[in-house]
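From first to last, the protein sequence lines are chains A and B. Residue numbers for the first sequence follow the working numbering, beginning at 1 and rising by one. Residue numbers for the second sequence follow the working numbering, beginning at 1 and rising by one.
It is worth saying that the hints were derived from the structure and are not from the lab. Backbone N, C-alpha and C fix where the C-beta goes; we use that ideal spot for every residue, glycine too. Errors might be hidden in some of the hints.
What the hints assert, rightly or not - These stretches of chain A come out as covered by chain B in the derived footprint (C-beta under 8 Å, 3 or more residues):
hint	stretch
1	11-20
2	34-48
3	51-63
4	68-74
5	160-169
As the list claims (entries may be wrong) - When the alpha-carbon atoms are kept at most 25 Å apart in a straight line, the in silico PhoX-like pairs for lysine-lysine are as follows:
hint	chain 1	residue 1	chain 2	residue 2
6	A	K8	B	K7
7	A	K68	B	K7
8	B	K10	A	K68
9	B	K182	A	K30
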Amino acid sequence: MMNACPEKVIRMMDDYLDGEISPSEEKELKDYVQSCSDCRKIYQELTKTIAFVQSASHVQAPPGFVQKTMASLPKEPQRAGIKRFMRHHPLFIAAALFVLLMSAAMMSSFSDDQQFSFTKQPNLVVEGETVVVPAGETVVGNLTIRNGDLRVDGELEGNVTIVNGQYMASSGVINGEVEEIDQAFEWLWYTIKGTFRDAVSFFGGNDQSIDK
Amino acid sequence: MDALVNKRIKRVMKGDQDAFAEIVELYQHQLFQICYRMLGNRHEAEDIAQEAFTRAYVNIHTFDQSRKFSTWLYRIATNLCIDRIRKKKPDFHLDAEVRGTEGLNMYSKIANDEELPEEELMRMEVQERVQYEISRLPDKYRAAIVLKYLEELPLAEISEILDLPLGTVKTRIHRGREALRKQLSNL
Ligand SMILES: [Zn+2]
Chain A
1 MMNACPEKVI RMMDDYLDGE ISPSEEKELK DYVQSCSDCR KIYQELTKTI
51 AFVQSASHVQ APPGFVQKTM ASLPKEPQRA GIKRFMRHHP LFIAAALFVL
101 LMSAAMMSSF SDDQQFSFTK QPNLVVEGET VVVPAGETVV GNLTIRNGDL
151 RVDGELEGNV TIVNGQYMAS SGVINGEVEE IDQAFEWLWY TIKGTFRDAV
201 SFFGGNDQSI DK
Chain B
1 MDALVNKRIK RVMKGDQDAF AEIVELYQHQ LFQICYRMLG NRHEAEDIAQ
51 EAFTRAYVNI HTFDQSRKFS TWLYRIATNL CIDRIRKKKP DFHLDAEVRG
101 TEGLNMYSKI ANDEELPEEE LMRMEVQERV QYEISRLPDK YRAAIVLKYL
151 EELPLAEISE ILDLPLGTVK TRIHRGREAL RKQLSNL
């Protein structure tokens, strides 16, 4: 039935219903609809369908929804853990920075390391230089991204370290800590922290839960 | 509106939970409506709407304040709904095999690909019937139709929410509309 009518009519109907038809095509469509009973039937059914769908009454969230939602929230939003550490340990940072600036070797290793790279985990998708945990997927394991961004629309079970990149607008969940190391300064800090940890674990034996 | 919301978001980022309660207050009904129309079930809609707000809260520092907050929030919610719909399908068939249809009411029997008998359809109220037909649409058409005709959002915003090109959104609305036309032609 529908096949008998020109394809163009259907296209014009869609444009018309989207509110994107030119006045001349609108007239053409009206003429078609008047002259062909099949086209008219489709047109009337479509407008009726839209009216029915739009007549669906607006539903409201159940009473107490706000309180219940607030009660189920975690205590505070995720944040880059390093920033908090830096706020609380300013003197330590200054000392660490001094030592680092003396270290030419570290400066050169910073500039060596400018390529996009990330920990390969199953279910990860790459869009340009953004690593994506797609909606509906779960990625298990820690993730380090260098010189690229991360977007999480699904779930990530693990800690995240992003060096020279950003944790982008995400709609998913990370069950773990997020560290963003954006600038050379923070990168240096992160490296010394790693060096410091290594030193601690070297001298401190096997009880090093902060490591992993 | 956007300026007010952004002020609250800044307060949330500083750790003020009360500011987030005001955001939930502001968007609760619209968000619940999207979830309800997508899922066709009040209980699940409440669950998912709550989860969507939680994710927005947890990820608040990733929100780009030059954009519209509602777009981001609706995106979280539609992703969760589509995810739920996809996970639900095989579960339903598994349940049906194990327990039979005993104890399941009419609404829990509704899966996209299940069709109710004609006389059952005829007994439905118009509103109930419309919701039933929406919930039979494939999830990708369903989201586009709900955002366009129930939330009455502009196409450009729907394309942002669903993270799809404008042309794809239009195609989905056209196909969803056409499917509904056929399903509702006997009404
Ligand atoms: Zn015709």
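Do the hints match the structure? See the list:
no., hint, verdict
1, 11-20, "holds (count 3)"
2, 34-48, "holds (count 4)"
3, 51-63, "holds (count 11)"
4, 68-74, "holds (count 6)"
5, 160-169, "holds (count 3)"
6, K8(A) / K7(B), "violated, 49 Å"
7, K68(A) / K7(B), "holds, 23 Å"
8, K10(B) / K68(A), "holds, 23 Å"
9, K182(B) / K30(A), "holds, 22 Å"
Violated hint: 6 only; the structure is consistent with all others.
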